[in-house]
Amino acid sequence: MAVTARTLFDKVWTAHEVVPETADTPAVLYIDLHLIHEVTSPQAFSVLKSLGLPVRRPDRTLATMDHSTPTRTEQVFGNVPIAVDAAAKQVAQLERNAAEFGVELFGMRDARRGIVHIISPELGATQPGMTIVCGDSHTSTHGAFGALAFGIGSTEVGHVFATQCLLQRKPKTFAVNVEGKMPAGVTAKDLILSIIGKIGVSGGTGYVFEYRGSTVRALSMEQRMTMCNMSIEAGARAGMIAPDEITFEYLGGRPRAPAGAAWEAAHSRWQGLATDAGAVFDASVDIDAAALEPMITYGTNPGMVLPISAAIPDAAADAAYDKALRYMGFHRGEAMAGKPVNVVFIGSCTNGRLEDLQAAAQILKGRRVAPGVRLLIVPGSQQIKHDAEASGLADIFRAAGADWRESGCSMCLGMNGDTVPAGQYAVSTSNRNFEGRQGAGARTLLASPLTAAASAVRGRITDPREFM
Amino acid sequence: MEPLKRVRSRTIVIPSSNVDTDQIIPARFLTTTTKEGLGKQLFADWRYRADGAPNPDFVLNTAAARDCSVLVAGRNFGCGSSREHAPWALLDYGIRAVISTEIADIFRSNSLKNGLLPITVDEATAVWLMQHPGAEVDIDLETARLALPTGTAVAFPIEAFARHCLLNGIDELGYLRSKQADIERYESARKLPGEDHCAH
Numbered sequence: 001m002a003v004t005a006r007t008l009f010d011k012v013w014t015a016h017e018v019v020p021e022t023a024d025t026p027a028v029l030y031i032d033l034h035l036i037h038e039v040t041s042p043q044a045f046s047v048l049k050s051l052g053l054p055v056r057r058p059d060r061t062l063a064t065m066d067h068s069t070p071t072r073t074e075q076v077f078g079n080v081p082i083a084v085d086a087a088a089k090q091v092a093q094l095e096r097n098a099a100e101f102g103v104e105l106f107g108m109r110d111a112r113r114g115i116v117h118i119i120s121p122e123l124g125a126t127q128p129g130m131t132i133v134c135g136d137s138h139t140s141t142h143g144a145f146g147a148l149a150f151g152i153g154s155t156e157v158g159h160v161f162a163t164q165c166l167l168q169r170k171p172k173t174f175a176v177n178v179e180g181k182m183p184a185g186v187t188a189k190d191l192i193l194s195i196i197g198k199i200g201v202s203g204g205t206g207y208v209f210e211y212r213g214s215t216v217r218a219l220s221m222e223q224r225m226t227m228c229n230m231s232i233e234a235g236a237r238a239g240m241i242a243p244d245e246i247t248f249e250y251l252g253g254r255p256r257a258p259a260g261a262a263w264e265a266a267h268s269r270w271q272g273l274a275t276d277a278g279a280v281f282d283a284s285v286d287i288d289a290a291a292l293e294p295m296i297t298y299g300t301n302p303g304m305v306l307p308i309s310a311a312i313p314d315a316a317a318d319a320a321y322d323k324a325l326r327y328m329g330f331h332r333g334e335a336m337a338g339k340p341v342n343v344v345f346i347g348s349c350t351n352g353r354l355e356d357l358q359a360a361a362q363i364l365k366g367r368r369v370a371p372g373v374r375l376l377i378v379p380g381s382q383q384i385k386h387d388a389e390a391s392g393l394a395d396i397f398r399a400a401g402a403d404w405r406e407s408g409c410s411m412c413l414g415m416n417g418d419t420v421p422a423g424q425y426a427v428s429t430s431n432r433n434f435e436g437r438q439g440a441g442a443r444t445l446l447a448s449p450l451t452a453a454a455s456a457v458r459g460r461i462t463d464p465r466e467f468m
Numbered sequence: 001m002e003p004l005k006r007v008r009s010r011t012i013v014i015p016s017s018n019v020d021t022d023q024i025i026p027a028r029f030l031t032t033t034t035k036e037g038l039g040k041q042l043f044a045d046w047r048y049r050a051d052g053a054p055n056p057d058f059v060l061n062t063a064a065a066r067d068c069s070v071l072v073a074g075r076n077f078g079c080g081s082s083r084e085h086a087p088w089a090l091l092d093y094g095i096r097a098v099i100s101t102e103i104a105d106i107f108r109s110n111s112l113k114n115g116l117l118p119i120t121v122d123e124a125t126a127v128w129l130m131q132h133p134g135a136e137v138d139i140d141l142e143t144a145r146l147a148l149p150t151g152t153a154v155a156f157p158i159e160a161f162a163r164h165c166l167l168n169g170i171d172e173l174g175y176l177r178s179k180q181a182d183i184e185r186y187e188s189a190r191k192l193p194g195e196d197h198c199a200h
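For the protein sequence lines, the chains are R and V, in the order given.
Using this note's numbering, you'd call the opening residue of the first sequence number 1 and step up by one each time.
Using this note's numbering, you'd call the opening residue of the second sequence number 1 and step up by one each time.
Only chain V is shown next, with the shape it has when bound in the complex (with noise of 0.2 Å):
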């Protein structure tokens, strides 16, 4: 994975709470075997019309959207089921970061998985925010904070490993293999009666 240290976008703002993951790709293009090219289906049901042609009141079809790679949403941004196309999509795209006031458990697992910055932030930011699209923001991950172009610039949380991860494009699936002793050591001192009972 890439290292990612810096986004510096204007933004798209979906104003919606509760964007689930139905509609960030709806499940009929689950179909695929692979992570590519689910950036053209990113929220298909609000981008494109029954006829298939763009529906020109969604924010992405407009001029203005072009080339941002930060998405500002409502409370709850990512709810619902795991599926990780959510994240591919929205990187297929070109979205880096996704910022809201609240952001669903298992989405923010899968977008740092990925190199998708998932970004909370307190009310009277994602107020202005939603107040002010294409506004340009800079995020830092370095010092995991946010400048907005008021001068105003909020910390936002992150976990302490995910961080370090990205700033290093460390593969945490390497993380988890140099501990193969560790969980070795797990295995074999488990094997009680009844206690280390398999699947078959």
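Same shape as in the complex, but just chain R (with noise of 0.2 Å):
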């Protein structure tokens, strides 16, 4: 008997199936590591003192503060309250929860802190052909290592600790084939956000997709975690990309990826994780790498995208695309290039890796940030800070003008008060330019970290290739 061709997403979620779903019933589905931080897990914990439970799996559970925290070192390290009193409230919330339940948690001033979805691979835990779950949708970002990762809800969460299972009704497979060599100035931020363009904001819902083709082969794993990242912007809760050399690469040696024979044993588990030939996806789209642009957002989701070189389209007659234009104080035939920038941010769990911050640098160095604009950039986590400060990224940063901080999520979403004012446009590595997402009547135009350190340069939005 012919043995049936299955997707990566197929035989992950197989292997994890501890009772496979019926026309009643969801399977449950075994989880291998539960990230959790301090916004979306109280309200779980709280489950678990009602009812009296323990967290089941405290060793498959990794928790961190990254949203609410502060991001100025004074607030982190030094003796200066945290300035946002709900957001210190809930940091000790969480300190006292992770030490109620036995949960290890990289604290405040952790070197090993950082954004959940940062931290995990930086740390090893994230492999391939693991479950891993977090109360956060940008979950999605593990997915680049073949693990299958996706965004939960905070009862969910509670379903995990006191279980280490969830139920989940199987998605469906969405193959996102991209091909070419992708143009210099051209990078995975502006992929995910011409895929984002192409098939939509919902184009995705329903669908675990997985990024396959040679362009995808190429990228390195911080590049495919961006992708990952923001597959959510698409609809789709999780996004995969089949384990290869360059992950097995950036996994070796790590502190919580397995050493010696275990490792061994991983290694050529994970080798037969790739989709098998003649495998068939549900739904499908193929992308031409070789024609992108840099590309930046113009609206209020990520799906309206343009390529940086385009003018905003004359659509047809829409109250909602009128309402977005209206919100972002733009016109219908503008062109995007030139228009003028007061904020711009550099971080978050899309692009705020050692890699994003070495493209920004090289547009950066020896350059200063045009008058009267503010570069804010947060790195990733206190790792990636390090690193950065060792290898004199932070110098050319600071030469510049920028303000560098301390890690964090930051102004993605500026919970910790590092906001956008009201009226002022923010160019933005991060992943949603949804009204009041940085700030309230903030307006956010979403690009890669060339495009956002170009256009602090010139104070305009500006295409990074003219610095190339």
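Computed footprint of chain V on chain R, listed as stretches where at least three residues anywhere in the stretch have a Cβ under 8 Å from a Cβ of chain V:
(1) 38-47
(2) 84-97
(3) 201-207
(4) 404-417
Straight-line alpha carbon distances no greater than 16 Å define the calculated EDC-like cross-link-like pairs of lysine to aspartate or glutamate that follow:
(5) R/Lys198 / R/Asp286
(6) R/Lys170 / R/Asp24
(7) V/Lys5 / V/Asp140
(8) R/Lys172 / R/Glu21
(9) R/Lys170 / V/Glu159
(10) R/Lys49 / R/Glu100
(11) V/Lys35 / V/Asp92
(12) R/Lys323 / V/Asp57
(13) R/Lys198 / R/Glu293
(14) R/Lys365 / R/Asp403
(15) R/Lys170 / R/Glu21
(16) V/Lys179 / R/Glu21
(17) R/Lys323 / V/Asp45
(18) V/Lys179 / R/Glu17
(19) R/Lys365 / R/Glu389
What the hints contain is simulated information worked out from the structure, not anything from laboratory work.
Note that this is a predicted model, so its numbers are computed, not measured.
For each residue, glycine too, the CB sits at the ideal point set by N, CA and C.
Since each chain comes alone in its own frame, lean on the hints to assemble the complex.
Shown next, in the form of structure tokens:
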């Protein structure tokens, strides 16, 4: 009997079925790694307390604080209180909960602290073939390692605490095939923005993406994480990339990765995860990477995106489209390049890794931020902060006039007080340009670290290729 | 959880498509450590002006919206962040069902776990509902049908297990915990070298 060709997703899903789904009941799916943070965990810990239950597998649970934490050094390491009082309470609550339930926490002053989706790969805790969940929609990031990783709500955080399992219906599969060499100045951020633009912000609803093709194979792990991170912006809860030598090279020797004989065993198992030849996907799209340009958003969702040289489309009459343009203060037919910028933010779980900072530094080196523009650079983790300082990147940023901070989610969602003032334009390397995302009334333009840095130097939306 | 069988109400209409969870409840209100009291911050940036006064143009601030428990919205409602604060805020305000042509995955899952019905309908039904704000609708979870005041009733898809739990007031955690023996069996069967690698 012929063996059925299976996708990467199918292999990981099947390996984690504690109880398969039926018409009447969803599958009971085992979770290998549960990442938690201060914002979406307190209500789940409260459920455990009310039922008198422990965290079933603290050894499969990692906690950090990132969303509401300050980025000012004196509030992290000095004795200055956290400026946002409710955030201080949330941080203290996580400290108490982690201690009470025996969960390992990378606390405020821990050298391993950082954005949850950055530190887990950095530690080698994120591994191929795993199921990984977190009460955060950008958990899709970990799919870059060939893990099935997706965001969950706080009720489900409680389910994983209590049982290490989730009730899940099996999603459909969607092949995103990318071929061609990306031109200079075009990054994984531009690629994923163009994919979202092509299939739309709900085009992936009900699916798990698998990013495939020679372009994807050539990407570094950092760039693969940027792609998988924004799967949710196309509606897909998860995006995956088959593990390969680039994955194994990244993982080998990291503190939480297997070592010795365990590495050998894991390595050979991971090599079998890739989608089999002939496996069938429920949907697919083909992308020509060679035709890409740097991309920038012009509206209030990540699907409203354009090549940087293009003009805002004169789309068919549509109230939602006009509402978005009104919010942004833009008009149909206007060119994006050259529009003034007030704030530039480089950071987030999308583009806050060392390679992203290196890209920004490439443009900022020996240059200054334009007068009147605020450039905020927030590393994704304390480790990245350390590496950027040791390698001289931080000096380049400071010399350029940037504000260089401690790690965290920061201005991506403005929970910690790092916000964009109402009405101002922010070129941001983050993932969401929703109304008010970076502060009430803030106007966000999503772009790559290269485009962000180039725009900071000129004070206007700028094609980074002008500096290359 | 209280059993949920039927929702009968007039509708509130927010015609925007892609209403994301940052609109439903902005991030600055997520510093809470409980589920309660989020209703007053529901749609905060649309509902209140910068000085905190109600925006009279926003539908929730109109007399017609009072006591409505069904929200009709444009395509792809609830996209974006996984924050369960979004259904908590809707429920705390008094919404029991959201109707759209498309509802985002994580929001749908979070809603079902809290007794908020995510109802997807065909384009024609959605257009009718958009054009008739305040229409009295009758949602019957038992038959999974939405009845319009015109006499038309349309079926809506709802996952069988979630429906069963809602109708009977069953907490899904209780069901998961009843699978304890299966979970233990699964864990002990996997202890091969390199296969059961933990975070520590």
